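Enquirer: Here are the chains, one letter per residue:
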Amino acid sequence: MSSSHVSSHVSPVSTYLTVFGTLMVLTTATVAAAFVHIGAFNFPIAIGIAITKATVVVLFFMHVKYSSRLTKFVVVSCLFFLACLFGLTFTDYMSRGWFASPRGTTMAGTQVTVGATPARTAEAPAHEAPGGAGPAH
Amino acid sequence: MPEALATTADAHGHAAHHHPALQHHFETLQQQKEASILGMWIFIVQEVMFFGGLLMAYFLYRVWYHEAWVEGSQELDILLGGFNTVVLIGSSLTMALAVRSAQIGARKATVNWLLGTMALGTVFLVVKVFEYHHKWELGHVPGLNWTMTGPHASQVEIFISLYFALTGLHALHMVIGFVLLSVITWMAHKGRFSPEWYTPVELSGLYWHFVDIVWIFLFPLLYLVDRATPHVG
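Protein chains in written order, with the numbering used here: chain A, 1 to 137; chain B, 138 to 370.
I should point out that these hints are in silico values taken from the structure, not numbers from a laboratory. Since the model is a prediction, treat every value here as computed from it, not as a measurement. One thing to keep in mind: the hints can contain errors.
Claimed, not checked - Within a straight-line C-alpha distance of at most 35 Å, the following computed DSBU-like cross-link-like pairs (lysine-lysine) qualify:
1) B/Lys327 to B/Lys265
2) B/Lys245 to B/Lys265
3) A/Lys65 to B/Lys245
4) B/Lys265 to A/Lys65
5) A/Lys65 to B/Lys272
6) A/Lys72 to B/Lys245
7) A/Lys65 to B/Lys327
8) B/Lys327 to B/Lys245
9) A/Lys72 to B/Lys272
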């Protein structure tokens with residue numbers, strides 16, 4: 001069997017330095033963005049910058065850009081597994097308390113709170129919902 | 138194309154010449170290298186899921202206790218966190234250069250870049266020790282000496298618990314990486330690597346970059362939840 005000729009790609013030093021520079025710029029950007037009040041957009045921007053940084057590290061520092069297609073596939077599959085973890089768990093929690101019950105609320109995302117604040121839904125802090133469907137105490 | 142290597146008849150009992158690092162269930166070094174890299178990546182995917190569980194807890198509570206998350210995040214030192222981020226990304230650069238040096242057979246450079254990587258990793262861990270100690274001094278260690286008060290204190294305690302769990306697990310991975318790199322540095326020093334076979338360096342690089350990527354996410358999630366809202370009590 002002939003070896004599938006995926007040659008060992010040697011990146012030039014300039015590539016690594018450019019990647020490092022990019023990571024420094026993005027780090028500065030994410031710190032700066034945290035000090036600017038853009039409300040609900042703060043989180044997506046921070047995560048977006050982090051994902052960009054991670055992508056650059058994966059492609060160039062970890063040589064995935066020059067790896068076999070099978071390796072690339074495994075790397076991408078990671079996103080699928082994370083999507084399962086976050087997606088299924090979040091939809092579970094956020095759909096709790098969805099239907100009316102004697103103790104519960106009609107709003108989704110009913111949470112249990114610890115501390116002084118009484119139980120309330122994630123969506124409407126102004127409306128104090130009685131009780132809280134969820135794990136005991 | 139086999140190199141002019143010493144005969145392996147004494148070591149293997151067969152006359153076929155092959156690179157000493159080539160294992161018999163592989164046909165070529167290239168195939169073996171691809172299999173090694175693939176295996177390492179599958180392990181890394183598993184490690185991502187390992188952190189993923191903790192991150193899931195973090196995200197859920199962040200949705201539920203957002204004010205406490207803002208408060209807890211502002212309790213962390215953004216200068217130290219930012220400094221550590223720069224240090225760790227720098228260590229990824231030195232690691233990438235170490236792998237590159239191994240690829241081109243530059244033995245001394247490989248050793249030096251690996252030592253640089255470990256030095257930067259040590260700096261990171263020292264800063265973390267300092268941060269943890271500071272938390273202890275403030276009475277902000279959940280389960281040990283938690284003394285924070287306020288309307289969201291219990292919720293902030295959850296945030297700080299996740300902070301210790303996430304950064305602690307990350308620091309543990311760094312210590313393991315440090316041990317790994319020590320072994321690889323020794324092997325490089327002994328001249329075990331060559332452009333034909335430098336796989337252990339490459340795999341250690343993959344591990345180290347993974348640890349860096351985890352921190353790339355931990356830094357904004359823990360230190361930068363919201364620095365625009367003024368800290369209230």
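Enquirer: Confirm or reject each hint.
Expert: Taking the hints in turn, this is what the structure says about them:
1. B/Lys327 to B/Lys265: 32 Å, holds
2. B/Lys245 to B/Lys265: 30 Å, holds
3. A/Lys65 to B/Lys245: 27 Å, holds
4. B/Lys265 to A/Lys65: 33 Å, holds
5. A/Lys65 to B/Lys272: Violated, at about 41 Å.
6. A/Lys72 to B/Lys245: 32 Å, holds
7. A/Lys65 to B/Lys327: 31 Å, holds
8. B/Lys327 to B/Lys245: OK: lysine 327 of chain B and lysine 245 of chain B at ~10 Å, within 35 Å.
9. A/Lys72 to B/Lys272: 41 Å, violated
Violated hints, listed in ascending order, are 5, 9; each of the other numbered hints is respected by the structure.
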